[in-house]
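**Student:** Listed below, chain by chain, are the residues.
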Amino acid sequence: MIDKTAVQGENITIGSYVVIEKNVLIGNNVEIGNHVTIKEGTIISDNVVISDFSLLGKAPSSNNKMARKPIMDLDPLYIGENVKVGSHCCLYKGSTIHPGVLVADMASIREHVTVGANSIIGKNVMVENNTTIGDNVTIQTASYVTAHMLIEDEVFIGPCMSSSNDKYMASRTKELQGPILKKGAKIGNNASLLPGIVVGEKAIVGAGSVITKDVPASEVVLGNPGRKSKS
Amino acid sequence: MIDKTAVQGENITIGSYVVIEKNVLIGNNVEIGNHVTIKEGTIISDNVVISDFSLLGKAPSSNNKMARKPIMDLDPLYIGENVKVGSHCCLYKGSTIHPGVLVADMASIREHVTVGANSIIGKNVMVENNTTIGDNVTIQTASYVTAHMLIEDEVFIGPCMSSSNDKYMASRTKELQGPILKKGAKIGNNASLLPGIVVGEKAIVGAGSVITKDVPASEVVLGNPGRKSKS
Amino acid sequence: MIDKTAVQGENITIGSYVVIEKNVLIGNNVEIGNHVTIKEGTIISDNVVISDFSLLGKAPSSNNKMARKPIMDLDPLYIGENVKVGSHCCLYKGSTIHPGVLVADMASIREHVTVGANSIIGKNVMVENNTTIGDNVTIQTASYVTAHMLIEDEVFIGPCMSSSNDKYMASRTKELQGPILKKGAKIGNNASLLPGIVVGEKAIVGAGSVITKDVPASEVVLGNPGRKSKS
Numbered sequence: 034m035i036d037k038t039a040v041q042g043e044n045i046t047i048g049s050y051v052v053i054e055k056n057v058l059i060g061n062n063v064e065i066g067n068h069v070t071i072k073e074g075t076i077i078s079d080n081v082v083i084s085d086f087s088l089l090g091k092a093p094s095s096n097n098k099m100a101r102k103p104i105m106d107l108d109p110l111y112i113g114e115n116v117k118v119g120s121h122c123c124l125y126k127g128s129t130i131h132p133g134v135l136v137a138d139m140a141s142i143r144e145h146v147t148v149g150a151n152s153i154i155g156k157n158v159m160v161e162n163n164t165t166i167g168d169n170v171t172i173q174t175a176s177y178v179t180a181h182m183l184i185e186d187e188v189f190i191g192p193c194m195s196s197s198n199d200k201y202m203a204s205r206t207k208e209l210q211g212p213i214l215k216k217g218a219k220i221g222n223n224a225s226l227l228p229g230i231v232v233g234e235k236a237i238v239g240a241g242s243v244i245t246k247d248v249p250a251s252e253v254v255l256g257n258p259g260r261k262s263k264s
Numbered sequence: 034m035i036d037k038t039a040v041q042g043e044n045i046t047i048g049s050y051v052v053i054e055k056n057v058l059i060g061n062n063v064e065i066g067n068h069v070t071i072k073e074g075t076i077i078s079d080n081v082v083i084s085d086f087s088l089l090g091k092a093p094s095s096n097n098k099m100a101r102k103p104i105m106d107l108d109p110l111y112i113g114e115n116v117k118v119g120s121h122c123c124l125y126k127g128s129t130i131h132p133g134v135l136v137a138d139m140a141s142i143r144e145h146v147t148v149g150a151n152s153i154i155g156k157n158v159m160v161e162n163n164t165t166i167g168d169n170v171t172i173q174t175a176s177y178v179t180a181h182m183l184i185e186d187e188v189f190i191g192p193c194m195s196s197s198n199d200k201y202m203a204s205r206t207k208e209l210q211g212p213i214l215k216k217g218a219k220i221g222n223n224a225s226l227l228p229g230i231v232v233g234e235k236a237i238v239g240a241g242s243v244i245t246k247d248v249p250a251s252e253v254v255l256g257n258p259g260r261k262s263k264s
Numbered sequence: 034m035i036d037k038t039a040v041q042g043e044n045i046t047i048g049s050y051v052v053i054e055k056n057v058l059i060g061n062n063v064e065i066g067n068h069v070t071i072k073e074g075t076i077i078s079d080n081v082v083i084s085d086f087s088l089l090g091k092a093p094s095s096n097n098k099m100a101r102k103p104i105m106d107l108d109p110l111y112i113g114e115n116v117k118v119g120s121h122c123c124l125y126k127g128s129t130i131h132p133g134v135l136v137a138d139m140a141s142i143r144e145h146v147t148v149g150a151n152s153i154i155g156k157n158v159m160v161e162n163n164t165t166i167g168d169n170v171t172i173q174t175a176s177y178v179t180a181h182m183l184i185e186d187e188v189f190i191g192p193c194m195s196s197s198n199d200k201y202m203a204s205r206t207k208e209l210q211g212p213i214l215k216k217g218a219k220i221g222n223n224a225s226l227l228p229g230i231v232v233g234e235k236a237i238v239g240a241g242s243v244i245t246k247d248v249p250a251s252e253v254v255l256g257n258p259g260r261k262s263k264s
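Chains as they are written, first to last, in this note's numbering: chain V, 34 to 264; chain R, 34 to 264; chain C, 34 to 264.
Since the hints were made in silico from the structure, they are not lab data. Please note that the accuracy of each hint is not assured.
To be verified - Here are the computed lysine-lysine pairs in the BS3-like style, where the Cα-Cα straight-line distance is at most 30 Å:
no., chain 1, residue 1, chain 2, residue 2
1, C, Lys-207, V, Lys-263
2, C, Lys-102, C, Lys-200
3, R, Lys-216, R, Lys-117
4, C, Lys-263, R, Lys-246
5, R, Lys-207, C, Lys-117
6, R, Lys-207, C, Lys-235
7, C, Lys-235, C, Lys-263
8, V, Lys-235, C, Lys-246
9, V, Lys-207, R, Lys-235
10, V, Lys-200, R, Lys-261
11, C, Lys-117, R, Lys-98
12, V, Lys-246, R, Lys-261
13, R, Lys-207, R, Lys-98
14, R, Lys-215, V, Lys-207
Unchecked claim - These stretches of chain V come out as covered by chain R in the derived footprint (C-beta under 8 Å, 3 or more residues):
no., stretch
15, 88-96
16, 155-168
17, 184-198
18, 221-227
Keep in mind that this is a model prediction, so the values were computed, not measured. Backbone N, C-alpha and C define an ideal beta-carbon position, used for all residues, glycine too.
Please put together the full structure from these sequences, using the hints given.
**Tutor:** Rendered as structure tokens:
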């Protein structure tokens with residue numbers, strides 16, 4: 034089920050039961066697994082690997098209850114050179130994955146997201162819309178990156194981090210603002226980051242901490258609520 | 034692979050590599066993506082959208098270790114009008130999804146679950162068996178809804194909420210009881226809710242809190258263990 | 034798309050749109066759902082059930098940023114008798130799933146993992162590489178089992194447990210060591226376990242606790258940081 038208008042480079046491998054829609058662009062030396070769907074217009078650069086059961090270029094969806102409807106007029110999904118996408122992933126239209134990124138199995142990336150070069154989006158990580166992730170960032174398994182979050186270069190996020198962006202929980206009138214993680218910050222596993230907090234450059238957030246206030250650069254914070262570590 | 038006994042309405046779109054088993058009922062104006070499996074007897078109402086790689090109508094499974102075996106004699110899965118089901122979802126037999134619900138990508142809904150009208154089951158949300166979810170409820174990404182939990186109308190649950198139902202952790206003799214969230218309660222991201230606790234009407238549970246006792250109506254609780262907020 | 038060199042036993046059921054690669058061994062009375070991919074050399078014993086959209090025998094992947102590259106020379110995935118694998122799962126090469134195990138929907142098991150007989154790997158549980166899980170272990174939905182972790186027999190892990198293995202968060206020079214959970218330990222939902230901590234035999238970790246130190250056998254610990262319970 035490969036549309037005739039899908040333009041393919043040289044030395045491409047395509048598995049079984051694959052759907053490639055109209056006007057998909059595929060570069061050279063691309064490997065596509067089995068049971069993959071690539072939606073209309075998606076751009077896949079050279080040397081990309083897409084594993085089995087992944088969906089590329091999905092459009093957003095909503096229901097009547099949703100106060101903030103997603104924007105539907107989106108650019109195609111762009112996947113840079115040497116990117117690897119794991120199995121059972123779902124990547125939306127309107128996002129850009131820069132070269133060398135690893136998107137691990139079962140990860141999701143919504144629309145209007147940028148992932149910087151060589152970053153790692155871990156297994157089962159959910160990245161919401163309108164989020165910017167810098168270069169050389171690591172986000173480990175099962176972490177949750179809320180919408181309107183900013184993650185600068187070289188940030189390290191352990192597994193199961195949780196973030197939020199809506200201080201008033203569904204007030205519907207306030208602007209959403211996710212956490213801002215400055216360059217080289219490190220976040221321990223299962224930390225909870227509240228809306229709009231800033232974690233400074235090279236600051237460290239301990240595992241299981243609940244961060245309710247800004248964390249100064251290079252500071253180490255721990256606990257619930259997070260406080261400066263004494264040691 | 035569409036069984037001849039599957040009854041289809043008008044104006045239905047079905048993608049590639051789709052399996053529709055015996056006696057599935059499909060209403061009018063239904064859209065079914067690629068790589069979808071719909072199990073025997075599933076009922077899909079008008080104007081429903083099913084995205085790629087989703088599985089509808091799965092039967093429960095168990096092994097010898099499991100103390101509480103699932104009930105296998107279940108009604109078909111019922112999906113109401115205007116429901117949208119995301120990609121890579123798994124919805125079991127014996128559950129009812131009321132009209133206007135959005136089930137986002139990678140969500141799972143087990144057997145004997147009711148989801149009320151216009152509610153949102155977020156991405157990668159896991160809803161266990163024998164749980165009742167009211168109308169206009171929002172459950173955000175990656176939250177965990179344990180078995181035998183009750184979520185009333187207009188409850189808001191932020192991302193990564195965790196709940197449990199077994200105070201004695203695998204004692205095998207006690208009854209399971211999940212948390213009870215009363216009308217309009219709001220739960221912050223990554224909160225932990227213990228078995229059987231009641232969160233009162235319009236009460237607010239802070240992000241990262243661990244709720245070990247009942248929360249009175251309209252009260253705000255924070256911390257580990259959760260205590261009444263002073264502010 | 035079933036390779037001619039795949040050796041099949043008697044009384045095997047295979048769904049639609051299934052890919053079985055070279056030299057896969059399939060025992061008697063095996064059921065394979067729709068949309069399944071089984072990679073080269075995978076060994077599936079008698080009476081195994083594989084549900085829809087699952088991927089068996091995946092090889093590891095990496096990018097340039099990754100300090101610790103996965104080992105690529107791996108034995109085939111081995112699945113013992115009477116194992117059940119849910120839908121949308123991803124099991125890697127180089128792992129051994131002993132008889133009677135239940136791997137629930139949307140679970141992931143990386144390479145160099147052993148899962149002991151009759152254990153339960155819950156829905157959406159992520160098990161990282163080089164981890165050993167004993168017999169009769171229960172790991173409930175959405176828990177995260179880090180790499181280089183040891184879980185002894187009869188351990189019970191509630192939902193949403195988070196573990197880590199890198200005290201220095203991406204220092205790249207230290208050895209990784211995940212938590213060690215001794216026989217019969219019980220871990221409450223959404224607990225955070227720090228690198229290398231030992232939870233003693235029959236010890237109990239409360240829900241939402243953050244465990245930063247070893248827990249003696251039979252002790253009950255609660256809170257952030259976890260302390261001995263007074264009751």
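**Student:** Among all the numbered hints in the text so far, which are the ones the structure does not match?
**Tutor:** Structure breaks no hint.
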